[in-house]
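Using the sequences and the hints, build the whole thing.
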Amino acid sequence: MELYELTVHELHEKLVSGETTAREVLDAYYRRIEAVEDRVHAYISLMKETAYAQAEEADRSIREGRIGPLTGVPIALKDICCTRGFPTTCASRILENFRPPYDATVVARLRAAGAVFTGKTNMDEFAMGSSTETSYFGVTRNPWDLERIPGGSSGGSAAAVAADECAAAIGSDTGGSIRQPAALCGVVGMKPTYGRVSRFGLVAFASSLDQIGPFTKDVRDCAILMNVIAGHDPRESTSVPVEIPDYRAFLDRSVEGWKIGIPREYFMEGIDPEVRAAVEGAARALEGSGAKLIEVSLPHTKYCVAVYYIIAPAEASSNLARYDGVRYGFRAEDPRDLLEMYKKTRSAGFGAEVKRRIIIGTYVLSSGYYEAYYKKASQVRALIREDFDRVFALCDVILTPTTPTAAFRLGEKLDDPIQMYLSDIFTISANLAGIPGISVPCGFTGEGLPVGVQFLAPHFEEGRLIQIGSALSTLMPREVRRPRL
Amino acid sequence: MEYEPVIGLEVHAQLLTSSKIFCACSTAFGAPPNTNTCPVCLGMPGVLPVLNRKVVEFAVKMALATNCRINTYNRFARKNYFYPDLPKGYQISQYALPLAEDGHLIVETAAGKKRIGITRIHMEEDAGKLIHDEHNPYSYVDLNRTGVPLIEIVSEPDIHSAEEAAAYLRALHEILVYLGICDGNMEEGSFRCDANVSLRPKGQEAFGTRTELKNMNSFRNVQRALEYEIKRQEYILEGGGEIVQETRLWDDSQGVTNPMRGKEEAHDYRYFPDPDLVTVHIDETWIEEIRKTLPELPMARRERLQKEYGLPAYDAGVLTSSRALADYYEEAARLCGAPKIAANWVMGDLLKLLNEEGKTFDACPVGAASLARMIRLIEDGTISGKIAKELLQEMYAAGKEPEEIIAERGLVQITDEGALKAVIEEILAANPAQVAQYRAGKEKVFGFFVGQAMKATGGKANPRLLNDLLKRMLAP
Amino acid sequence: MKITQEEVRHVAHLARLEFPEDQIGKFTIQLNDILMYMEMLNALDTKGVEPMTHATVLYNAFRDDEVKPSLGEGESLANAPDPRGQFFRVPRVIE
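Residue numbers (my numbering), protein chains in the order written: chain B, 1097 to 1581; chain Z, 250 to 725; chain G, 13 to 107.
A hint or two may mislead.
Sample of chain B residues with no beta-carbon within 12 Å of chain Z, all distances over it, derived [unchecked claim]:
id, residue
1, Glu1106
2, Val1132
3, Asp1134
4, Ile1158
5, Arg1159
6, Asn1323
7, Arg1344
8, Gly1559
9, Arg1578
No farther apart than 27 Å at their CA atoms in a straight line, the calculated lysine-lysine pairs in the BS3-like style are these [to be verified]:
id, chain 1, residue 1, chain 2, residue 2
10, Z, Lys328, G, Lys14
11, Z, Lys328, B, Lys1439
12, G, Lys14, B, Lys1471
13, B, Lys1439, G, Lys59
14, Z, Lys378, B, Lys1440
15, Z, Lys709, Z, Lys638
16, B, Lys1509, G, Lys80
17, G, Lys80, Z, Lys378
18, G, Lys14, B, Lys1398
19, Z, Lys709, Z, Lys720
20, Z, Lys638, Z, Lys362
21, Z, Lys378, B, Lys1439
22, G, Lys59, B, Lys1471
23, B, Lys1440, G, Lys59
24, B, Lys1398, G, Lys59
25, Z, Lys328, B, Lys1471
26, B, Lys1440, Z, Lys362
27, G, Lys14, B, Lys1509
28, G, Lys14, B, Lys1439
29, B, Lys1398, B, Lys1471
With beta-carbon atoms standing in for the labels, derived distance ranges [stated by the list, open to error]:
id, chain 1, residue 1, chain 2, residue 2, range
30, G, Leu70, Z, Glu533, 16 to 26 Å
31, G, Arg96, B, Glu1436, 13 to 23 Å
32, B, Ser1113, Z, Thr321, 51 to 61 Å
33, Z, Thr321, G, Glu18, 35 to 45 Å
34, G, Arg96, Z, Asp500, 26 to 36 Å
Calculated from the structure, these hints are not laboratory results. Ideal Cβ placement from N, Cα and C applies to all residues, glycine included.
Here it is in structure tokens:
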């Protein structure tokens, strides 16, 4: 087995035992990247120089017996996480050459844990998309089928983990941007509770929905990463000051006696039969191990996409106003006056989907429409959250498909915003309610495309997601299939 | 037709915190451009605001001092517009749920006391500064001021003259400075005022079309600008014209208001709750804690000073014009036990000395206790009032205690009857003609003898004793 | 139509964006589709429902009034597209 095929915990063992070195591991990864990257295009930029310095430092600290949970482990960062002194683009032309003078809190925490950063991964521009096709730096392809999308917006992080171009990756999830690409690329992806992982230094898309989370090869790695990145941050007002459990404690535990809610609204028509079969297979496997499946109802589910596509663009229209060509980033050349500078800079700096969402967001907040759109959506959002509160009184976790279909073809939905938006139909609700969710691989379609099952838990109960995800992995051992690259 | 002006004022006051409202950069004025800046106040990607607790406390103080109802739950909102001095493309302010509402202030005007309603007080961040190049088509952006905490105090349209507006502003200014939450410096922009002005026929209830006045950076300018604008609108209305709703800038040098040159566009700020900041919850306990720290407010103090010390309204007004002055006065008055006399010294000689140097009572070289002792020395006859005037100057210049200077310079009054008699005898002997005049009924000559005696004693003769002796010795 | 081409132009101006005239038509149609989709919310009665504006129910996240170092010399302007001396330069603002 190649070094780059190992999980984080397997790598950690080999590094600690001295069987390999951080430098060897990093070499292996960069060789792998060199071999597959021109086909996958998971990265926007590689951090070779600093990565080798980090690897060297990791080897030194291992020799000295200072071993962090991620010492020497190569990790990829979605290019939405600010990295001190290293370009952070958000896959947008407007952040051309922007080098933040600060690290995102999550980046600082990973650094402190000994991680080695391989590079910054590709994404939909400003995380607006479900296919990683709206990046200024070109599309990322699904390692399982290069003619298909990897999902989005964190498609580069999902593809990098699936293609073994890193041991684990960081992504962000505003409406499913971790869970959806994780499902489509056959890896584990978690969106923690809102407020659990600091958003400081995460370039904002929709501030009340954004949350950072890990992409990993298995659930154990997910627990390890969560242990590092979760926790209160005084630099974020919405960061929740509560204790973080050791998520590893939830691994390898049975879910016997658990009540698993199956929301009928998530198994509606339009869901791909093969996806449905794989997800139902996962549910039956859990039932077989002693969990109880109960049918539940989340009656406001059908409104989620509409609510999301009002609230997220509204917040985004404001969050993206700072890209004005004054203090950093791209500025259009030779503007005649200030107004022209703004308009030319922003029109040339942002791609089509970002502009579309800024327009929607500006419209729904504008005078005369605020009540009908933004306020109405915020009220329905409260109802969606209440749905979950009610259902979690009846069950421990909720089980749904992560996506209605497996990975679709490149370009298939690019010109049809609503169809694209509907590909997030099962993941959006967790962001609206602020609850945690995880996508775990649960099989393949006949064409060999991965399928993911999503579990949702009440606020701050990521532990339950680790526990049931870990249980499912034991029940349905990871198929030794790997993408043929 | 007779018109009634309707004026509403919006005051922005910078709060005297050390750090900015949402980040830890310094609020100090006058730093080199763009040095009191960090990723948060520069509006860099991904950074987040965290609220300075002191801003809330200061804002609550002002709300309590202006009789507002404090909203137990209040919230920040984003005000969205593009401008180069606004890094994020939105200003963090409060909108639907401000800190405080429904207050009022009692203001003293020429026509007596008047109640002016306060619609709301809210917290927000200041914007940066633009410097315009006179010769080239560029502006330069300095973001040091970005994120300095402000409170905005919005009055009801209860004000009906320029004079009332100025009185209201002075009262607000005085309270802010008294509370120690704003330095009140209008030149540096710590206290800024915009005005909404409209006219309506007297007796009519509906408001006329209003204009918004900006760029008035002193009380005097506010009054002048309002006076001008009221006349301007009157003139238009009387000529059958219509007022254009617009923003106008006060031009101090020309003494006129002009419409803003920039393209006026219909503002649509798209306010919505800021998702990056959590709701501010101010419970009764917190309010009470803050209430306990409030000083006595200027108007109450003025009234108390009149009652307690029997001072005239004018004196009480001068003595409470700043908290430091009032504190100084009260200490001196208490220590010397002669409040009227203390008032005269504080308002007269001492204030003049301080004004000459542009100093305030915080930095007065003569302590209140020293002044009190000096007054007691006058009262018990040790020194004369005339000597005291010189003495105070010396105390001020040298920072010495009165007794020390009196001893050094031998300023103690001559109260010894025998010694003074001898001096007078000499004078009478030397000036027989004047003595004769006086005795012939020309009483004016009396002053001549007083002057001579004072001259001979170097001003140290006890005036009352001198008077008595002269009268007795000149008697025919 | 939920939104006209004229409104799209106005909203674009508010957002400081511009679109080539030949794209406005297609763009308006797409926006209309999206806004039509959102119409479904009107079917719900939300009278008296408190809007959910935050994903947390936290109150009072404060910092103490302490000054910490700002960015180092030159760092504030390091990313600026048109720095001039110690300032960010922009086309003249007319007041």
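Okay, the hints, checked on the actual structure:
no.: 1; hint: Glu1106; verdict: holds (32 Å)
no.: 2; hint: Val1132; verdict: holds (30 Å)
no.: 3; hint: Asp1134; verdict: holds (29 Å)
no.: 4; hint: Ile1158; verdict: holds (32 Å)
no.: 5; hint: Arg1159; verdict: holds (35 Å)
no.: 6; hint: Asn1323; verdict: holds (23 Å)
no.: 7; hint: Arg1344; verdict: holds (29 Å)
no.: 8; hint: Gly1559; verdict: holds (25 Å)
no.: 9; hint: Arg1578; verdict: holds (34 Å)
no.: 10; hint: Lys328(Z) to Lys14(G); verdict: holds (25 Å)
no.: 11; hint: Lys328(Z) to Lys1439(B); verdict: holds (20 Å)
no.: 12; hint: Lys14(G) to Lys1471(B); verdict: holds (18 Å)
no.: 13; hint: Lys1439(B) to Lys59(G); verdict: violated (39 Å)
no.: 14; hint: Lys378(Z) to Lys1440(B); verdict: holds (24 Å)
no.: 15; hint: Lys709(Z) to Lys638(Z); verdict: holds (13 Å)
no.: 16; hint: Lys1509(B) to Lys80(G); verdict: violated (49 Å)
no.: 17; hint: Lys80(G) to Lys378(Z); verdict: holds (22 Å)
no.: 18; hint: Lys14(G) to Lys1398(B); verdict: holds (21 Å)
no.: 19; hint: Lys709(Z) to Lys720(Z); verdict: holds (19 Å)
no.: 20; hint: Lys638(Z) to Lys362(Z); verdict: violated (38 Å)
no.: 21; hint: Lys378(Z) to Lys1439(B); verdict: holds (22 Å)
no.: 22; hint: Lys59(G) to Lys1471(B); verdict: holds (11 Å)
no.: 23; hint: Lys1440(B) to Lys59(G); verdict: violated (42 Å)
no.: 24; hint: Lys1398(B) to Lys59(G); verdict: holds (19 Å)
no.: 25; hint: Lys328(Z) to Lys1471(B); verdict: holds (16 Å)
no.: 26; hint: Lys1440(B) to Lys362(Z); verdict: violated (56 Å)
no.: 27; hint: Lys14(G) to Lys1509(B); verdict: holds (23 Å)
no.: 28; hint: Lys14(G) to Lys1439(B); verdict: holds (25 Å)
no.: 29; hint: Lys1398(B) to Lys1471(B); verdict: holds (18 Å)
no.: 30; hint: Leu70(G) to Glu533(Z): 16 to 26 Å; verdict: holds (20 Å)
no.: 31; hint: Arg96(G) to Glu1436(B): 13 to 23 Å; verdict: holds (19 Å)
no.: 32; hint: Ser1113(B) to Thr321(Z): 51 to 61 Å; verdict: holds (59 Å)
no.: 33; hint: Thr321(Z) to Glu18(G): 35 to 45 Å; verdict: holds (44 Å)
no.: 34; hint: Arg96(G) to Asp500(Z): 26 to 36 Å; verdict: holds (29 Å)
Taken one by one, the earlier hints fail for this structure at numbers 13, 16, 20, 23 and 26, listed in ascending order.
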